[in-house]
Amino acid sequence: MDMRAKKQRLVLVGNGMAGIRTLEELLKIDADLYDITVFGAEPHPNYNRIMLSPVLAGEQTLDEIVLNPWSWYDRHGITVHAGREVTEIDRARRVVRADDGTEAPYDRLLLCTGSTPFMLPVPGKDLDGVIAYRDIADTQAMIETARTHRHAVVIGGGLLGLEAANGLMLRGMSVTVVHVNAWLMDRQLDEAAAGLLRQSLEARGLGFRLGAHTQALVGDAAGRVRAIRFQDGTEEPADLVVMAVGIRPRTALAEKARLHCHRGIVVNDTLQTVTDARIYAVGECAAHRGIAYGLVAPLFEQANVAANHLARVGIGRYLGSQVSTKLKVTGIDLFSAGDFMGGADTEEIVLTDPRSGVYKKLVLRDDKLVGACLYGDTADGPWYFRLLREGGSVAGIRDRLMFGEPMPEDDVPMQALAA
Amino acid sequence: MAETRSTCPYCGVGCGVIIESDGAQITGVRGDPDHPANFGRLCTKGSTLHRTATAAVTLQTRLLQPLQRSARGAAPAPIDWDTALDRVAGTFARTVRAHGPDSVGFYLSGQLLTEDYYVFNKLAKGLVGTNNLDTNSRLCMSSAVAGYKATLGSDAPPVCYDDVNHADCLFIAGSNTAWAHPVFFRRIEDARRANPAMKVVVCDPRRTDTASVADLHLPLQPGTDVMLYHAMLHVMLQRGWTRPDWIAAHTTGFAALETRVRDCTPEAAARVCGLPAEDIVEAARLFATSGATLSLYCMGLNQSSSGTDKNAALIGLHLATAQIGRPGAGPFSLTGQPNAMGGREVGGMANLLSGHRDLANAAHRAEIAALWDVPEVPATPGKTAVEMFQAAADGEIKALWIGCTNPAQSMPDQATVRRALERAEFVVVQEAFATTATCAFADLLLPATTWGEKIGTVTNSERRISRVRAAVPPSGAARHDWQIAAEVARRMAPLLGRPAAMFGYDTPEAVWNEHRATTRGRDLDITGLSWPLLDALGPQQWPVPTGAGLGTARLYQDGVFATPDGRARFSDAPWRPLAEPRDADHPLSLTTGRLRDQWHGMSRTGTVGGLFGHAPEPAVQLHPADMARHGLRDGDLVALASRRGRLLLPAQASEDMARDQAFVAMHWGPEFLMGNPDAAEGARGIPGGGVNALTVPAFCPASKQPELKHAAVRLEKTALPWSLVALAWLPEDGALAARQALRPLLARFPYASCVPFGASAAQDAAPGAGRTGVLVRAAAAGAPDAALLEAIAALLRLDTPDAQRYADPRGQQFRRARLDAPAGADGDARLDGFLLAGDTRSAGWMRTLLQERLPAQAYGRRLLMPSATPPVAQQSQGRSVCNCVGVGERAIALQLARCTGDDARRLAQLQDALQCGTRCGSCVPELRRMVRATPAATEPAPAPEAASLAL
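Residue numbers (this note's numbering), protein chains in the order written: chain A, 7 to 425; chain B, 423 to 1373.
These are calculated hints, taken from the structure and not from any lab test.
Computed from a predicted model, the values in this text were never measured in an experiment.
Each residue gets a CB set at the ideal place from its N, CA and C atoms; glycine is no exception.
The reader is advised that the hints may include incorrect statements.
Footprint (simulated), chain A over chain B, 3 or more residues, beta carbon under 8 angstroms [what the hints assert, rightly or not]:
# : segment
1 : 1275-1288
2 : 1329-1338
Covered by chain B, according to a simulated footprint, are these stretches of chain A (three or more residues, beta-carbon under 8 angstroms) [unchecked claim]:
# : segment
3 : 355-368
4 : 399-407
Please model the complete structure; the sequences and the hints are all you need to start from.
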């Protein structure tokens, strides 16, 4: 028999990967601690946003990327308000209100509002056929357009942009990637690796305009985009323009509730907002020590800490994440982590094997591995990432570092192998 | 397809060769079955001569046009022949007028033809009026000459090759015949087969291949030969083995020698020579009591500060025991060069005149003056090799004309030689090859013809004159040496107020005919000979006086010698210690000598990668115990320091060495050891002096031959932790040029070596054929700037886009590896080249992978991973032993493990199975050693595969 008083109420705003992962962690620790209510703006159960690219590429279906079907919510007695966007938090009454008027009181509030794509403020950004790449709706819009139109332009040569471009190409569109910087994925790759990436994407049929500044998107009579114009006056035909130039933490709701926001909803090491200890923020919307992470790995680490704290067993602290990147374009292996660009106080070890299209750069500082940038052979990525996070000295294995985790048989004398 | 009979340009055996050519290009070579020196046989060097004359080699290594340097150290620029010849004539004439005739010097070579020599000699002594004309024979044979003249009265080996077939005892002293005169050694082996009772005694501080087949090996301490011979004579006298009657009848001066050797007991000699007394007694017995004793000797006796005494003392043993003047008996000086003899015949030395005449002899001078129709020939003795370069270093000699030799590699005490070449105001180098170290010091470079292009005559060790014939026209603008000398002489004559007519030769035959006239009535009288006769009768041994018909095989058979009184003279010279004995500061004896498959400075043999299979890289050989005492492992870099210079070399343990002795092959000069331990010089891109940076200039007072065979040195540990190893297969038409381009870069390292490698010498179809390998090693205190490494990599074609790269600048690591396109039956890629800098642990197995063209695809990027053991199983064939067939140590070891019976039977089985040692035979002595070292198989032999796994 439950000796506790009536259950505490936990409300989650944001039915996405960060929030649901937090609930999952929480339920693992104590399934009965809270009455849980979830609000989600999208009319879908929690799905794996990262896998939208394989869906766009036609390698997976929507059903396959659903992480928590409706049955999961039922099983855990979670109340879901899908397709409802929370518009107001009444911190005094400890109630949240959605756009349809639905209200839910809370003892604890978990904000996982994620992020919104940044749209370039250029003329024509509101034309038909100009979209972002964020959710299932965007993905479906792209799949639809690919059936009926020919020319696609993706603005943004980062992770998301290249995945979108690859998907659209696989769906039969002729795709040009427009990137403002000198080389692709400049936040994840150095120039050499980006060069190899560009080569192999070009080999697949993608077109590129690097160092290209967009001046305007040009529409037709019907108000649909037909071309992109650059500052140098040149144009590229475009029936579809996908903006993938970055994301912004979604903080409107929090700001309205007077929660301190700066590059995200500012949280402490237990993911509680610095303004209101009853309110937590996890994921792309949260700013921890000045950083809002846009990748899934840190988000899961935050979820773990937040869940522990919600479960009242948490003395766990979130101290920030080392991030690593993989591009989800089939057949292209790249990996980067840490300070892969290096600097004056770092040393670089570089290996290239052009015949196998391999490039590996390791960055060291004070005999510690602080960065890695791999292209073509990422098998050792996880090992480097481990070394990077452990931050131990690699002086002893410096000359083996480039060739993967030392295996015992590396030292077996030849005679034995010959025999 | 034309065939031309000529001779081999290497050692003094003087083998006949048949050159195959298409008229413009030499296509092949084989032994001349009719030539009495070799009867069709050739050694590894001779049988690969055609490979040294390919278009690729010619274009990359030959001097093809006259070149002139605007300033020392500058790149030479082409000029036309007339300008070049005028400049030589003008500058020499000016120098002579300003400073007198002895202010110029001519330094020539035992590789010139008799005709070349004759014209140069006449130019110097007849026209310029100086006796400053000497040759590299001074480094080679002059002690033998002085020894013969002091005892028998004439510079004439009294014996011939055929004498090995009549000898009962061979006494081989200071000669590694098996390597230095391989084809003659084949005759020795035949003779022993025919006469199993024949005894062979070998005196040599090292256990050479020659020593390894001896019945008695006397590993005497360097420089103690005279003491050994005196002790042997002491024993002979004591045991009554001398021939007093013959001595009384045919010699003078024995009494003094008898007194001299009274105290030279075997026991006393044993202490000096480091030999068991009983071995000395046994040697004396074998020498004195055999039916016929033939002594064979070479540089071990000659290259010594007491070289003349060594020769004379050994000849004294022949005289005391009457082992001379009959078939199979006599002292036989084996000549090192193909025409050192011919050079002396025309008086091409600072102390000689044409026709074996002596400069010191007024009558001789008058005869020559008359023959040449000049007022006089100068009386002042000329400067011999060492003296000449000393004089140039001192500013006495201001103009040097160097022909067909490479003093910046071969002369002792390179520091002085370089000072000489730098101080001399005008240095002319007349050369066939642009690659010799001396070319770097020349103000003017004159391109000369060489083997396959030259026309004339040579005389080999047994006084045999052979015709040298041209198979192809001269390469590029090259001219014959005699022509160049004559043309300069014709230009110089008027400037010196002499008639140019005295050099009006139009053919080498005309030159030879004039030379012939100078021999009338001399010991070497060849007035009965002519070029048509040589063509008709084949090679002939002088003398051939008018009407003699055929040549003379043996001299002094009548017991009458070439002395005024017809009696041979004994020399009673005492044993004198080395010029530079070992001491506390320099406790090691450095000896130098030849490798089996190389010759001299390697300007020719060094163009054939395959000839490096037997001894691939420079090294200093040491006794294993000395290695251990200095804490050295094979391959460790050590510094050899003498009082004159330092040389860095990898150490190599050898059981053939005696304690406290070190051996470095004479071939390793600046052309192959580019590094420079002297940081300052190295920074200027000037290579070190090679092995002769260490050797002593001290020479024999009588023969003036320097003691190249011994220098006192010490071992110094080196602190050069950073190392570089690179190997690459390069196109045949680019490899040697790459080597040249690497030289200045490598000179910037304290240690660097660069050698070619390739398929086995006679295997044109071998893997890697059509390409030549280049092997680079370097060591330094720390990594050089990346630009230098990049430049080296580029020359080895490791800068291509497909090359694997690894760079860790802070860790001083720089690696490259290049695979070729998947090819071969297995469609697998091969390793084409690699460069390891910093951590070079992988060099061993990567070298095997590359040189043996093993499949390399599976290695992937592990080619860049430092590891002492290969990441993929592999099995090396080991060092190449038989170059002709291309058989390595491993194959021989595997086969031997299965051979049964006695040594002879197992050698036969080995040769049947692998064909090794069945062509030129140069490796047979080594095969014998391997047979002896391997126990005969007993139980049924295992399959070779099984054996391979067992190894």
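Hint by hint, here is what the structure shows:
no., hint, result
1, 1275-1288, "holds (count 6)"
2, 1329-1338, "violated (count 0)"
3, 355-368, "holds (count 9)"
4, 399-407, "holds (count 3)"
Violated hint: 2 only; the structure is consistent with all others.
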